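2 protein chains.
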Amino acid sequence: MSANKYIPLPVIKRLPRYHRFLGMLKEKGVDRISSSELSRQMGLTASQIRQDLNCFGGFGQQGYGYNVVMLYDEIGSILGVNNIKKAILIGAGNLGQAIARHMTFSKWGFELIGIFDENPALQGKELRNNIIMPTADAPDFCEKNSPDLAILCVPNTEEVAEMIEKLVESGIKAFWNFTHIDIKAKHPEIYVENVHLSDSLVTLCYQLNSDIE
Amino acid sequence: MSANKYIPLPVIKRLPRYHRFLGMLKEKGVDRISSSELSRQMGLTASQIRQDLNCFGGFGQQGYGYNVVMLYDEIGSILGVNNIKKAILIGAGNLGQAIARHMTFSKWGFELIGIFDENPALQGKELRNNIIMPTADAPDFCEKNSPDLAILCVPNTEEVAEMIEKLVESGIKAFWNFTHIDIKAKHPEIYVENVHLSDSLVTLCYQLNSDIE
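Protein sequences appear in the order of chains L and W.
Everything in the first sequence is counted per numbering that gives the first Met the number 0, starting at 0 for the first residue and increasing by one.
Everything in the second sequence is counted per numbering that gives the first Met the number 0, starting at 0 for the first residue and increasing by one.
These are calculated hints, taken from the structure and not from any lab test.
Everything numeric in this text was worked out from a predicted model, so none of it was measured.
Any given hint could be a false lead.
Remember, identical chains collapse to one label, so a pair may be satisfied in a single copy or spanning two.
To be verified - Straight-line distance between alpha carbons at most 30 Å, and here's what the computed DSBU-like set of lysine-lysine pairs gives:
id	residue 1	residue 2
1	Lys27	Lys183
2	Lys124	Lys185
3	Lys27	Lys185
4	Lys25	Lys165
5	Lys12	Lys25
6	Lys27	Lys165
Same shape as in the complex, but just chain L (with noise of 0.2 Å):
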């Protein structure tokens, strides 16, 4: 089966969880699994999940449970993550490096194909199959290598917010937005996810001193 276009938006957004779900299913050797199973480990209702799933074909069957691999294989499809696109690092510190090295790309839809970074002592330095080149020279790596993605792990300076009006002008298309620079502001067109770590932290802080009050 082919990508159906006229997934709902919810499911959509589903998705990921999905993907992630099944795929850890499937790492763990397990074949199949009944929807009922399935809403249990994922804390959605059967009826839910049978409903998402029937949105692309199911692969469901009476009393046989879904097929894991097929239904891994069908939502990454989906989602595009066998169709790789080119993505680029900004920023090499503790931050870069860690997804740098932890973030399985190639399994998301992605190959990092350059790596910067503004501190010279790093720049000419190895991190994951990528010499760290000077974050100035970005734009023009861009223009001849047409990545579609920047992730952004740098502080949130003036400097950085330049660099992202220079990176959307060199044709990136999405950020992975580490900082806490709000680019859809300023570019509705261009796709953003931000992960903001400090929210969920101070999150936890109010709720732990909630608790202590």
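Starting from the known structure of chain L, arrange chain W on it as the hints suggest.
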């Protein structure tokens, strides 16, 4: 003004963002900001901001705008960031090391008092003023030192699922969870913030892919 107990939940959920934003203004040396300027920068409506900030006194003066430092401190006090709570980190691999080095824990209400890893090559090494200890020692450490929060930067294994059970038994009240293990399903009373990095990456993959098709 002391923390107001009757702040509506939707406002509470926006507080980390206000706090982060005001912190950035404070660092830039901005003394006062109008609700319209704050709204422009934060992408919220000015009336939304006035309503939100009125919930805890406001600190706005007609024609003068908000006092950035006072508002930052007040929101920080509601969030409890000055009431430092103890945290431990499980997993000192790439991601754990980045989290330990990258996050200014004290700014978000926490102190990192113990770091654990099951890799003997890491044990005994120093990381952010902590000597890395064997993961198996974590439950004992929790019983003796009563941390509130455990940060999980480990793979999604059965052993980690078992360790989570032991940590809950040893008094851990909150998890900052970088694994894909669903802690809340088994422990609804525990505070959990999940950070699923791959979900946001694969969302970008999907969006870029829809463009291509």
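We went through each hint and held it up to the structure:
1. Proximity of Lys27 and Lys183 under a CA criterion of 30 Å is satisfied inter-copy only: 22 Å between copies versus 39 Å inside one chain copy.
2. When the C-alpha separation of Lys124 and Lys185 is checked against a cutoff of 30 Å, the pair qualifies neither within a copy, at 34 Å, nor between copies, at 44 Å.
3. Taking identical chains as interchangeable, the C-alpha atoms of Lys27 and Lys185 lie at most 30 Å apart only when they sit on different chains, with a minimum of 20 Å there against 44 Å within one chain.
4. In this assembly of identical chains, Lys25 and Lys165 lie within 30 Å of each other by CA distance solely across copies; the values are 27 Å between and 41 Å within a copy.
5. Proximity of Lys12 and Lys25 under a CA criterion of 30 Å is satisfied intra-copy only: 21 Å inside one chain copy versus 36 Å between copies.
6. Within a single copy, Lys27 and Lys165 get their C-alpha atoms only as close as 44 Å, which misses the 30 Å cut-off; across copies the closest is 23 Å, which meets it.
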